[in-house]
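Residues per chain are reported as follows:
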Amino acid sequence: MTGLLHLWLIPLLPFIGFVLNGLFGSRLPKWLVSTIALLLPLGSLLVVALNWVDFVSASVPETFIERCPVGWIHVANFNVGFDFAIDQLSLVMLLVVTGVGFLIHVYSVGYMGHEEGYWRFFSYLNLFLFFMTVLVLAENALLMFVGWEGVGLASYLLIGFYYKKDSAADAGKKAFIVNRIGDFGFLLGIFLLIGTFGTLSFSGISANLATHPALQGGVLTCIALCLVLGATGKSAQLPLYIWLPDAMEGPTPVSALIHAATMVTAGVYMIVRMHFLFDRSPLALAIVAILGAATAIFAATIALVQTDIKRVLAYSTVSQLGYMFLGAGVAAYSSAIFHLMTHAFFKALLFLAAGSVIHALNGEQDLRKMGGLRNQLPVTFWVTTIAVLAISGIPPFAGFFSKDEILFATFNHGMLGQALWFVGLVTALLTSFYMFRFWYLTFMGESRSHDAHPHESPWSMLGPLVVLAVLSTAGGFIKINGFLEPSVGMRAEVANHSLEWLMSGVAVAVALLGWFIAHSLYGKKSEAPKKLAASLPFAYQTLLNKYYVDEFYGAAIVKPLQLTSKYVFEWVVEKGILGGAVWLIAGVPQFLGALLQKWQSGNIRSYAAWVAAGAAALLLFLLLTTHQLPVWLGNFQINGMAH
Amino acid sequence: MQAPSMVWTIYVAFGGAAIQALLPKRSNSTPALSRWLALLTALAALCIAAAGFFTHVGSGMDVLTDHAWIPTLGIHYLLVADGISRMLVLLTGLAAVAGILFSWTVTNRVNEFFAFYLALIGGVFGVFLSGDLFLLFVFYEIAIVPKYFLIAIWGSTRREYAAMKLALYSFVGSAMVLIGALAAYATSGSHTMSLTALAHSHLPIGFQMWAFPLVFIGFGILAGLWPFHTWAPTGHVAAPTAASMLLAGVVMKLGAYGCLRVAMGLFPHGMDPWGFAFLGLGSWRDVFALLAVIGIVYGALVALAQTDFKFVIGYSSVSHMGFVILGLMTLNTIGLTGAVLQMFSHGIIAGLLFAIVGRVVYERTHTRELDVLEGMHLAKKIPFAAWAFVIAGMASMGLPGFSGFVAEFQVIVGSWSFGPAWTILTGVGIVIGVAYTWRALQKAFFSDKPAHTAEIQGHFAPITWPEWAGVGMLLAVTVAVGLYPRLILDSIEPAVKALLAGGAQ
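If you read the protein sequences in the order shown, they are chains A and B.
Per my numbering: the first sequence = residues 1 to 643.
Per my numbering: the second sequence = residues 1001 to 1505.
Keep in mind the hints are simulated off the structure, nothing from the lab.
If you're wondering where the values come from, they're calculated on a predicted model, not measured in any experiment.
Do not take every clue at face value.
[To be verified] Derived lysine-lysine pairs resembling BS3-like cross-links, with alpha carbons at most 27 Å apart: (1) Lys-165/A to Lys-1381/B; (2) Lys-566/A to Lys-1165/B; (3) Lys-1380/B to Lys-165/A; (4) Lys-598/A to Lys-369/A; (5) Lys-165/A to Lys-479/A; (6) Lys-30/A to Lys-1381/B; (7) Lys-1165/B to Lys-30/A.
Construct the complete structure from the given sequences, taking the supplied hints into account.
If you want it as C-alpha cells, here you go:
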C-alpha cells in the first residue's frame, strides 16, 4: 500500500481555498474567486480518486493510517493526535463528499452569481469541505469531533449567509444550539471511551474489543447511546431533528450540500465507523433502528402537506436519514452507506433542481404558486423526474436498490425487524406520494405563477444537474457492499432469493400506489386535495404545524429555562439571597458603627455624662458581684503601697 | 546571551508605573507619550516573560532571587518560578499589552491611569513569582489597591459601588488568607514563610482540615468561586475596558493560583475525607467541586438572562472559572493540567470578549443594552466587531481548535472520578454556554429589528490599529494554543506533577 497519496492534502486543499478567499476574496475579481473555490476542491477530489484507484488495484486492501508527526493533546498517558486513516468506508464517503461537493460548487457559481458577498459564500463552502473531510478521515474520535463541530460551524455560517433576514439568523442559532445538545452526547461518549479503553483511536478500540470477545452491553451500551445522541443531533433524527427544516433558510446549494448530501449523514457515518462498538450492544442497535423508523415515518407524514418546496425536501431528507439509521440499526451497515450514497445523488439533485426552479421564478418557493413548468424548464423537469423516480424507489433508479436492501435486511431482523419493516414500507408509500405531489405541483398542470416568463438556468447550473441525474439513474448498480466488507464486516447472507424478490415486488407496488394516489389528487386540476384537508381538519392542521413539536419544545424547555434564569437565578438567588446575605454582612457593621457613633458626639457634656454613667455602672457591677467593695478597695490601696 | 531573569517583569512594571506617576501633569495634554511609554513597558515585560517561558520549558522550580528580608521572622524576599508561574507570568504579559492597546482612547488623567495599571501588573507578576508566603501576600495586597482606583476613577456603571464591593470582597478574602498564613507559620514552628519549606513541614492534619477551607475560600473569592462571586460581574461591568480585561484575565487567576499554590500546596490533607458524608459530600474536596459545578451551570444560566452585553461576559467568566476550580479538585494530572491551562485560556478569551464589548462596541455605540443594540445592525456597521466576536464566542463556548476546548476537555476527563452526574451537569453548563453566547451575538450584531431611535443611525468611527493589533494578538494566541496546546502543556505538566508528588495528593 505504498502508492497512497498524502491524505493530508485532501482537507488541506479546500482549507487553502478558504484562507485565500476569506482573506483576499473581497478584493479579487469574481472569476478568480470562483477559480480558487473550484480548483482546490477539485484537487481534493483527484487525490481521493487516486487513492481509490490504489485501493481497487491493490490485492489486499487494509486500513492505512497516516500519523501526524506533531501531536495535539498529550498529557500523562493520554495522547491524541491529528491522525488520518483511510479504508473502504472512508473512501466511499470521501468520494461522495468531494464528488458531490465539487458538483455543488460548480452549480453555486451560477446560482450565487448575483449575490453580494460571493467570495464569503465560497470561502465558507470550502471551509465546510475542509471540516467534512477531516471528519471522514479522522482516525480517532476526538479528531472526528473536531470535524463534527467544524461542519456545524460552517453550516451555521452558511445558513446565516442571509443574515439580514432575522429568520436566517434564528435558524442558524437554532441549528447550532440543538446540535450542541447532540454534541454533548458525543463528548460524553468520548469521555466514556477514554475511561473504558484509555484511547480514542478507532483502530485501538477495535483491537481492544477484539481481545475481549465476551465484552458486551453494560458500559458499551452507555457509550453507544451517548454516541447515538450525538448522531441524532447531526443527522436530524428524533428528538433533535427540529433544526433541519429551519436550516432551509440558507441558500439552496447549501441545503443540497450540507443539509442533504453530506453533513447530515455524518451521524450515520459515525455509527458505521464505530460499528465494532455497536455490534456489542444489541440494545443500542435496536434503539438506533427504532429511532430511524420512527423518524422516517414521522417526517414523511409532515412532508405530505408542506407547501414550501424546500421544506418538503427537508422533511424528506429527515425521513431518508431515518432509513439510513434503520439500516445501521439492523447492522446492515453497508446498506446504510449504500443508501447514504444514492441519497446523496438524488437528494442533491432534487435540491439543486428546486434551486433551478426557485431561480427561474425569481425566488418563489411556494408550491401553490408554481405549476406548468415542464415546458419552460425542460432540463430541470427531466432531471427532477429522474430524482423523483429514484427517491420513490422505482426501479431501475438508484433509490430502489438501496432502500430495498435496507428493507430486506430489516425484515430479516426478527420480530422487531418485521414491525419496523412495515413502518418502512408505509414510509415508502408516503415518500412516493409526497414526491409525486411535489412533481405534479411544480411541473404539471397550469402555471399559477404571477411571473409569466420563467427562464431555464444557465449551463453552469444545469451541468451538475445532468451529472447527478446520471448518477441517480445508474448509482444503484454500483455495488459497494463487497467493497465495504473489509471495513464494516461481513453481513449474514440470507439465501432466500424468492423472498427477496417478493419483498422487492411489494416495495415497487407500494411506490406505484403512492404515485397513483398523488396522480388522482394532483394530476389534474381538482378540488379533491382541499376537500380531503377539510374533511380531516384536525389531522391536517397537526401535520401542517409539524405536530407542534417546536411549540412543545418552546413551552417545555426554552421558556422555562429563560424564566428560571431570569426570575429564580438572577432575581431570587443572585440579587435576593446572595445579594441579601452580603447586604446583611455589610449591614451589621454599619449598624454597629451607627450605634457606636453615638458615643463620638464631640459634646463635652455628653462625654461627662457617659463617664459618670460608666463609673456608676462599674460600681454597681462590683457591688452586686462581690458584695465586698470596701474590702477590695482597701486591698487595692495596700497593694499599691507595697509597690 | 542569557535572557534576563523573569524577576525583571516585576521591576519593569513597577518602574514603568513610577515613571508614569512622575510624568508632569502637563503631559495630559499630549497623552501619546504616556501611552507609548506604557506600551513599551508592557512589551518589555512581555518579552522578558516570553523569553523566560520559552527558555525554561519543562524545567523544574528555579530560585530567581533570595534575600533575607525580615530575618527575625524568617521572611525572605524569595522569588521562584516553576512551569505554572512562568505560564501565568506570560499570560499577564500578554494581557498587559492587550489591555494597553485597548486603552488607547483613555483621555482622562492618562498618566495616572497607566501608573495604576502598571502597578497592578507589577503586583500580579509579583504574586506569581513569590516563593515566600508573606511576600506573596504583600504583592497580593499591592495588586488590590490599584484595582479600586482604576474602577472608581475611570469606570462606568455604578463605579464607586462596584469598586468598593470589589475592594471589600478582596480584603475579606485576604483577611482569611492572612489568618491561615499566620496560623501555618505559628503551627509549623519552623520559623520560615517559604512555601516549599512550609509544604514540607508536616502540618498536623487536624490543623490542615480547617486551614484549607479558610485559605481556599479566601483565594477562591477572587477566583469567582460560587457563591462568593458577586463582586465579579459588577466589577467587570463597571471597570474600564482594560481593567475588565485584567480583572477577568489575570486577577481572577491570582485567586485560582493562590488556591492551587497556597491552599492546596500547604494544606493538602485538608482535602482528605472527613470520615463521614453529609449530603453525599465527604470532604472539602467534594464541597469545592460541587461549588465549582454549581458555578459553571449557574453562571451560564444567569448569563442567559442578562440584558447588558458586558454582564453576559461577566457571568460567563464565573462559569468558566468554575472549570478551573473543578479541575483543581480533581487532583489528577490531566484535570489539574486542564485547570491550569484553563487559567491561561480564559485569561486570553475573556480579555478578548471584554475588549470587543467594552472598547470596539461600547465606545462607538455608547450603550451595552442588548435591546438597544438590536436596532443598530452592528454586523453591517462594524463588521470587524461582529466577526471578532463570532470567533471569540466560538473560543469561549469551547469549540475545538481553540484553547478553551483543550482545557475544558481535560478538566472534564479529569473530573470523571467524581461521577457521571457531575460531568453531565457540567455539560449542561456548556450547552447553556452556547445558548447565551449566540443569544448575545445575535442580538448585538445579527438582528434585523427596526431601529429604535433615529440618532443611532449615524456612522461609527473606523477601527483603529490598536484594536486590530489587540484582537489579532489574542486570537492568534488562543488558536495557537488550541491547535498546539503543548506550547503550554509541556511547561505546566512537570510543575503539576511535582505539585501532586509534593503533597497535594
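When the structure is checked against the list of hints, which entries are broken? Sort them ascending.
4, 5 and 7
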